[in-house]
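With the hints as constraints, model all of the structure from the sequences given.
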Amino acid sequence: MKAHTDYLWFETTNREEFIRITDEVAQFVYESGIQEGFVLVSAMHITAAVYVNDWESGLIKDIHRWLNNLAPRKDYEHHRTGEDNGEAHLKNLIMHHQVTVPITNGELDLGPWQQIFYAEFDGQRRKRVVLKALGI
Amino acid sequence: MKAHTDYLWFETTNREEFIRITDEVAQFVYESGIQEGFVLVSAMHITAAVYVNDWESGLIKDIHRWLNNLAPRKDYEHHRTGEDNGEAHLKNLIMHHQVTVPITNGELDLGPWQQIFYAEFDGQRRKRVVLKALGI
Amino acid sequence: MKAHTDYLWFETTNREEFIRITDEVAQFVYESGIQEGFVLVSAMHITAAVYVNDWESGLIKDIHRWLNNLAPRKDYEHHRTGEDNGEAHLKNLIMHHQVTVPITNGELDLGPWQQIFYAEFDGQRRKRVVLKALGI
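Chains as they are written, first to last, in this note's numbering: chain A, 1139 to 1274; chain B, 1139 to 1274; chain C, 1139 to 1274.
Derived from the structure by calculation, the hints contain no laboratory data. Just so you know, not all the hints are guaranteed correct.
Which copy? The list can't say, so a pair holds if one copy fits it or any two copies do.
Mimicking DSSO-like on lysine-lysine, the simulated pairs with C-alpha atoms at most 30 Å apart in a straight line are [unchecked claim]:
#1 1140 <-> 1199
#2 1199 <-> 1212
#3 1212 <-> 1265
#4 1199 <-> 1265
#5 1140 <-> 1212
Right, dumping it as structure tokens:
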């Protein structure tokens, strides 16, 4: 059995930004040499998410708007600590911070339209995603 | 260590349909011969989900209504591509597209009321779920 | 390859309660002897969740309020069975019932602010979380 670990770093220009990372995850799996197993793609921060969905710019705008509606920027209890990112924590919870992708025949076993995204909700500073593969 | 992979196919009659798949996943785990490990159950489409909850028809109606309220059918940016399924993408994101079930003593290690469901949000065509088990 | 399994039991005083379990999961990983792998932390009930976010009391209040807004206590179809916890099922679905944490060098590979929580939405009775680690 093999295990392989790496980290992707991000520092976005904007407070919110969705970044496609399918190619980076595929490259990581190739380097692992694992033929059959799982790769976990997991945000290491509590104001970012990792999700799988469509690489279509209209839909990406829809997701931003929809999240702003479900978790608006406003005054939260959390802001009494000096933070101003309460809504970013809630967006992390809706979207979930991680996905597990199966590895089959040495490749990501994704459906035809499935792309992996890093979703930043409180950026403009260095943040990380952990990649961990386990298998044979 | 063993890895085992299979795919479940669905073609629902209705646009939205929730289908219990616990028995199919249990059968897959039995065939894998794995005694201790994980089974990933993951939708391969971006307008469907896999979730674990109660097998109770009233609750299933409640979930449909609640999702229609959180992600209503309306005009989305995504529809400029010719699609009409923006709300189905958002429902995929709320519900998450995958679950991992532990395998203990060769069986699904679920709580007494936990059932695995495939949740279709844009059906009436062939779609897939990947099953992947890893363990000893 | 090693697999290790255990269960955490909870019986909360209140109907809703969020309980930090990072230390219990870290202790479980230490006992497993696994150096590289995954630990799955998964609620075995359909009215509870497991999530990763901040250990900050204001934010925890914000999450409770936000969930009450997205999934209010009201009359649900599910209540025709005699239950009164429809909203707790919906909260389970928003928050997701499980997380997978990577194990690196024998330790939980979490970001600096990431803490693991058990989120009870219908407590005051004994409920369980399964811990399952797989790796080398």
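A quick look at each hint next to the structure:
no., hint, verdict
1, 1140 <-> 1199, "neither (39 Å within a copy, 42 Å between copies)"
2, 1199 <-> 1212, "both (20 Å within a copy, 15 Å between copies)"
3, 1212 <-> 1265, "within (24 Å within a copy, 35 Å between copies)"
4, 1199 <-> 1265, "both (22 Å within a copy, 26 Å between copies)"
5, 1140 <-> 1212, "neither (46 Å within a copy, 47 Å between copies)"
The structure does not agree with the numbered hints 1 and 5 stated previously, though it agrees with the rest.
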